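Participant: Fit chain B to the supplied structure of chain A, relying on the hints for placement.
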Amino acid sequence: KQEVTQIPAALSVPEGENLVLNCSFTDSAIYNLQWFRQDPGKGLTSLLLIQSSQREQTSGRLNASLDKSSGRSTLYIAASQPGDSATYLCAVSPRIITQGGSEKLVFGKGTKLTVNP
Amino acid sequence: KAGVTQTPRYLTKTRGQQVTLSCSPISGHRSVSWYQQTPGQGLQFLFEYFSETQRNKGNFPGRFSGRQFSNSRSEMNVSTLELGDSALYLCASRRGPGQPNTEAFFGQGTRLTVV
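Heads up: the protein sequence lines correspond to chains A and B, in order. Residues 1 to 117 in the numbering used here are what the first sequence spells out, letter by letter. Residues 1 to 115 in the numbering used here are what the second sequence spells out, letter by letter.
Treat the hints as calculated values from the structure; they're not laboratory data. Just to be clear, a hint being listed does not mean it is correct.
[To be verified] Capping the alpha-carbon separation at 20 Å, the derived lysine to aspartate or glutamate pairs in DMTMM-like fashion look like this: (1) Lys42(A) with Glu52(B); (2) Lys42(A) with Glu3(A); (3) Lys57(B) with Asp84(A); (4) Lys57(B) with Glu75(B).
[Claimed, not checked] Residues from chain A that face chain B, not an exhaustive set, calculated with beta carbons under 7 Å: (5) Leu62; (6) Tyr76; (7) Lys104.
Just so we're clear, the structure is a prediction, and the values are computed from it rather than from any experiment. Idealized CB from N, CA, C, for every residue including glycine.
Bound conformation, chain B alone:
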């Protein structure tokens, strides 16, 4: 059974540009959450999606956005990139709401470097 797939694995962008990251959850999982990991702040929750709807959002500026498609794949977008956006972005897959007691599985992450 395939795990959580995140693409691309590595990305370098220039300040001011925008970027789109992709996450395909485990087959049958309908909930996708995104996290930002930095050495200083650790893992911080960005947002979560189920059935193409954002259910919860973390404390990040509006430059961070996301969406989910009907096949449960999700994308997150960061506009007007800043140096501080350099981080490992991780996606988590779960069966779905109403079943929050299920295990979360993570992808390998996308390493974003802003120069």
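Okay, chain A solo, but in the shape it has when bound:
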């Protein structure tokens, strides 16, 4: 059974700091890994999608890496801003052979980031 863990559960940093959020998963049989951002009471906003064959993806100040063999991904945020304060979630798409491509996502419980001005 695929399990996703995110450490730390909460992180508080001063504005301008570079930071790394961690995500680990137990089964390397995945199609892809996706990072999301969630603001309080809102839905999920997709940040980055990394295919299983890729090592990293970049979008603006965000960079996500994937090491499928070790079951790890990191989300690097450069020059953090107060507007980056939110909960960051990672999710994997398990490769379920018998189901011909399930759309199911397995989520970690997130890292709540606070960037202080």
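Facilitator: Frame of chain A, contents of chain B only:
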């Protein structure tokens, strides 16, 4: 291009009642998945639909059900509501099976409160 639309945004129901939530996926997306989010359990998979067929189901009681229409819009229904069903219900849209490596997009969710 319109995103994923979920209605209603907020809902309050009494224990024992039933509720129906709606999700309209992004135009051209044919796969819809539903998730329940609670502070204690995080995001948990409910079920997924493609071409009006349920392809996968999470570990939830039979009180939770869903369906998908020919225009890809989906509804989920919860019968005999319990206090523990209070949660944020999120819907995700993807292009469809056979293309599981595509990005999932989520709606704003429906906040259900059971009193």
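Participant: Now, for every hint given, state plainly whether the structure supports it.
Facilitator: Here's how the hints hold up against the structure:
Taking the CA atoms of Lys42(A) and Glu52(B), the gap is near 27 Å; set against the 20 Å cutoff, the hint is violated. The straight-line distance between the Cα atoms of Lys42(A) and Glu3(A) is roughly 24 Å, outside the 20 Å bound, and the hint therefore fails. Of the supplied pair hints, the one linking Lys57(B) and Asp84(A) is violated, its CA atoms being roughly 34 Å apart against a limit of 20 Å. Among the hinted pairs, Lys57(B) with Glu75(B) is consistent with the structure: their alpha-carbon atoms are about 14 Å apart, no more than 20 Å.
Checking Leu62(A) against chain B: minimum C-beta separation of about 15 Å lies over 7 Å; hint violated. The closest approach between the C-beta of Tyr76(A) and any C-beta of chain B is roughly 20 Å, which is over the 7 Å cut-off, so the hint fails. The beta carbon of Lys104(A) comes within 5 Å of a beta carbon in chain B, closer than 7 Å, and the hint placing it at the interface holds.
Of the numbered hints given earlier, the model fails hints 1, 2, 3, 5 and 6; all others are met.
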